[in-house]
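There are 2 protein chains.
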Amino acid sequence: MKKIFLLLIGIFCATSVLVAQVLSPSDKPNRSQKLLQKRGYGMFIHFGVNTFSDDEWSDGSIPASTYNPTELNCDQWVRVVRDAGFRYVLLITKHHDGFCLWDSKYTDYDVASSPVKTDVVGEVSKACKKYGLDFGIYYSLWDRHEPAYKDKDFGRYIQYMKNQLTELLTNYGPVCELWFDGGWDKDGKEWRIPEIYDFVKKLQPDCAVGVNNAIVDKEDSRNFIMPDDMTVDNRYFMLYFPTDFRLRDPKIAHKKDKKQYLYKGQSYYLPFEHTICLSDSWNWFQKANQKPVRELDELEELFYWCTDNDNTLVLNVPPDNTGRIREYEANTVIELGKRLGIRKNKPFPKNGKCISLDAKAEATSVYENKMDEYGPQRAVDGGMQTRWASSEILPELVVNLNPSERLNKISIFEYCDTKTSDDGISNIRCNRIQSYQIDIWEQDKWVTVYLSDKLMGDCKIIRFPHDYQTSKIRLKVLKATDFPSIYEFNVLAMPDRK
Amino acid sequence: MKKIFLLLIGIFCATSVLVAQVLSPSDKPNRSQKLLQKRGYGMFIHFGVNTFSDDEWSDGSIPASTYNPTELNCDQWVRVVRDAGFRYVLLITKHHDGFCLWDSKYTDYDVASSPVKTDVVGEVSKACKKYGLDFGIYYSLWDRHEPAYKDKDFGRYIQYMKNQLTELLTNYGPVCELWFDGGWDKDGKEWRIPEIYDFVKKLQPDCAVGVNNAIVDKEDSRNFIMPDDMTVDNRYFMLYFPTDFRLRDPKIAHKKDKKQYLYKGQSYYLPFEHTICLSDSWNWFQKANQKPVRELDELEELFYWCTDNDNTLVLNVPPDNTGRIREYEANTVIELGKRLGIRKNKPFPKNGKCISLDAKAEATSVYENKMDEYGPQRAVDGGMQTRWASSEILPELVVNLNPSERLNKISIFEYCDTKTSDDGISNIRCNRIQSYQIDIWEQDKWVTVYLSDKLMGDCKIIRFPHDYQTSKIRLKVLKATDFPSIYEFNVLAMPDRK
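Top line first, the protein sequences correspond to chains L and R.
Sequential numbering of the first sequence, starting at 0, is according to numbering that gives the first Met the number 0.
Sequential numbering of the second sequence, starting at 0, is according to numbering that gives the first Met the number 0.
So here's chain L without its partners, still in its complex pose (with noise of 0.2 Å):
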C-alpha cells in the first residue's frame, strides 16, 4: 500500500514537472504565474561584499576578507519581512562582483571564505520556513569575479551556473523564484535560456524565472522596452525565453499595461515584477552612512501601484554591515504594513478607482511646445516615464472629469531634479513646487480644495474628508523653482471612509 502510495506520487511529481518545465503560448498565468501573483508583495535583500565597500557594484576584486557583518542575524531579517507583511524574501545570493551568499563548491569567492561563514542562504530559507514565507533568489548572470566567465568556451561559465543553481535549488527546499540579472553584459542567446529556464524546472517545478530587461522592440533585438510601452498585446518581443515574468528593474509599469509578449510568433502571458528602493536615495546595498528612508504616502501609493493590475512588487531592505536590518527602516516597513491594513492569507488592499486616467487635460503651457512628449495628457496616461512639463514657473494643469463619478483623493508625482549625494552613489530628489493649491469647478467657478505651502514630496497624497464630483479639477501652482512637471496626476474615489 505505502508503495503504491509513493509512485503515484512519483508519477504526480513527474507530471508537475513535466507541466512546468514547459512555456506555453496562453493568455491565462499559468502555475508558478499564479503563485508569483498571489505572493504579490516581496522584500528584496542586497548583501554582500558591497555592503561592505564603497561601491554599488563592486568588480569582483574585493576581498571576501572585507565581508564581516558583526552582528549577522538572519531571522531578524525575516522577523521584519513577517512584521511588514511581505509574503515572501528575494535575497541577493550572488551580485555582479560574483561573491556567494552561500559556502558554494565551485568557488572561494563566498562566504566560506570570509570571516563570518555564516550561510545565508540556508539561514534565510531557513527562517522563511519558519515564519510561514516564500522564499526567492536572485542570481546574477553578469560575474565580474569567476574566471569562466572571461574563458573563450562561455560553455564553461554556464556550466559553473548550473552548479550553483543546483546548490541554491536543491539544498535549500522550496524556491518560489529565480531572478536572473546582469544579462545586459552578453548577447541574449549567450545565456543559453532555454536549457538553463528547463534546468531550473526539473529542480523546482513552481520557482517562476525571469531575467532583468526582458522585453525588447525587435526579435532578437537589444533595445529594452520601457514598461511605459508595454500597453499594447503581442507588439513586443521577450528577449529571453522561456521566462515567467517581465522584469525592468527599477521602472514602473503602466497603468494600462499588457501581459502578452511575442516569441516566434507565439503569444505568451508575462506578469511585471517591480523592483524599488525603501531608501529615499535610491541605494541597494546598505553603506556605512545611515540614508533616509522614502515617506510613507509615497510608498503606500507605490504599494498599490504595483501589486495592481496582477504584477507584483519587491521593496529592497537591505541589512547593514552589522548584518541587520536597520531599526528605522525596520520601523518603515511594518508602519507601512500597519497603515495599508496587510492582512495574512487577505486579498491586498486597493487603492480606490482613478477617475481621471486618460482624461482630457489642458495645461497653460508645454515645455517647447512638444505637446506629444510633454503635452498635459501626459499626466494623466498611467504612465510613470512620461510627464507633463511646463515652459513657465507658474503653470496651471486642468483634468476634466465625468461629474457623475466621486472623487475623494488626489495623489501627485512630481518630476523632481535629482543631485548625487556625498557618498558618489545615492541620489538626493528635489521638488521643483514650493506652493500650490488644488481646484474644483464648482457652480461655474473655481473653489479651492486644498491648499499648501509645503514642499510636494516625493509623492503627495491629498485625502479629502468626503466626496466631491465635479466637472474639472486644477492644479495651481504658486511658488516653484523651476519649470513644473508632474509624472502622474491621480484623481481617485477611495471606499467610503464614513
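Hints are supplied without guarantee of correctness; some may be wrong.
What the hints assert, rightly or not - Quick partial rundown of chain R residues pointing at chain L, CB under 10 Å, derived from the structure:
| # | residue |
| --- | --- |
| 1 | Glu-294 |
| 2 | Glu-328 |
| 3 | Asn-330 |
| 4 | Asp-416 |
Note that these hints are calculated values from the structure, not bench results.
For every residue, glycine included, the Cβ atom is placed at its ideal position computed from N, Cα and C.
Starting from the known structure of chain L, arrange chain R on it as the hints suggest.
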C-alpha cells in the same frame, strides 16, 4: 396647579441667577466652568470690516459700506463647526474696530449700515440651535470707533457696553460664553468687571465670562503672566474679578497648568481657554489672499495638548470676504475631527502618557551657557514658551527615561524663525532643522529608530509601529541652518494599536 408650577419655576430661576452671579472661592469648577470644560473644543469665527480691509486690527475708521460679503452663508459656517466635531462657536460680535455684527440700536457702525444687512449674530445663533451646538460671544472692551469710549465720563461707554450686551444676551437665546478682549487699553479697574459680570450673569446665569490677559504677578499689577508660569497654585493674581476662566491669547498652557488664582486673599478656580489659528501664518481674519493652514500633525498634537487638563481649545476658522468658510480650511478641520475620532456626546480623545515630562535631559551645548533659560530641561518641562537652545549647528539632546515605561510616539515642537509675509501681517515659520535622527539606547549602544532628511515642520510627530522601552532617547541633528532650539520634545505612550 399651573400657577404654582410657574411660581416654582420662577423661584428656581431666581435662585439660579443668584447662585450664578457670585464667584465663590473654590478649588472646584462652578456650574458655568463645568459646562465650559464639557464643551472643550470650539470654533472661533473672526468676521467683520477687517475681512474686507488689509488691516489685522483696523482703527474704527473703515466705512461700514466696505463690509460686503457677496455670498454670506452663516449656516455653512456652522455646518463646518458640526462636521468638524467642534462643540461650540465663539463668534466675534464686535472687534477692536467697534463694527457690530448685529443691528445694534446704539450705533450705526454695524451690519445694518452695510450693504449686507444680515444679522450675523442672529444667523449664527440660529444655526447653532439647528445643529445642536453651543453659542458663545467675543466682544471687544476696547472700541476704536464708538465716541463714548473717548468721553471724559467713561461711565458713558460702560453704559454703551451694557446696552449692547443686553441686546446680545437677550435677543439670541442661550449664550454659553462671553469673551472680553482688549482690556489692556485701560487700567483693569476702569472696566468695572464686577458690575459687568453681575449684569451678564443676571441675563445668562450659565454664561462663562473671561477677559483676555487675565493673570498678573501682583494685586493690581499690569504684568501679565505667561501660561508657562501658571504652574503653582495661589501664586498669581486675577486682574479682572470676577471671571470664570483664564485667557492669554494665543499662548499655550503648561502641561502642569494649575487652576487656583488669588483675589483679595481668596483662592479661585480658573480653567484656561486656548485660542489658536488654523492658519499656518497666524492671520485671524481671512484676507483676499488664500493662506495655507497648519499641518494636520500639528493640529492633532495641539488638540490633545489644549483640551487636556480640563482646559479648552478654540480654533479660529475665519470666513472669507464672500461670507463663507473656505473649502480647503473646512476640509482641514473636518479631516482633523475624523483623524482624532471625535464623537458627539463622547469624551474627547486623549494623547498618550507623556513619559518624558521633567525627565533628566542633557545636551551637547546650551546657548550662551544660560542653563536656566536655555538648558536641555527646558525641552521636557511641559512648557511651550520655554525652550532648549543650542550653541552649535549639529547638537544632540538626550532625555533619560524610566525603562519600565513604554513609548511609541514622539512629538517635537521646534523653535522656528519667523518671517513676515508679503501682506505685512501674517508670519511664515522657518525650520532650522533640516535632517535629524532619533536614537534609543539599547544594549549599550545607540540604535536609530527614525531618520529624516525632510524639514521638521511645525510639529513633528513620529509614530512607531510597536512599543519601545529604553533608559534614554536622543535627538541628533544632522543638518541645520542655524543653532537648533526645541520648545518641547515629548516621548509618549499611545494606547496599544494592535
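The hints, checked one at a time:
For Glu-294/R, the shortest C-beta to C-beta distance to chain L is roughly 7 Å, which falls under 10 Å, so the interface hint holds. At about 8 Å, the closest approach between the beta carbon of Glu-328/R and any beta carbon in chain L falls short of 10 Å, and the interface hint on this residue holds. A cut of 10 Å between beta carbons decides the hint on Asn-330/R: the least distance to chain L is about 6 Å, and the hint holds. At a threshold of 10 Å, the smallest CB-CB gap from Asp-416/R to chain L is about 15 Å, leaving the interface hint violated.
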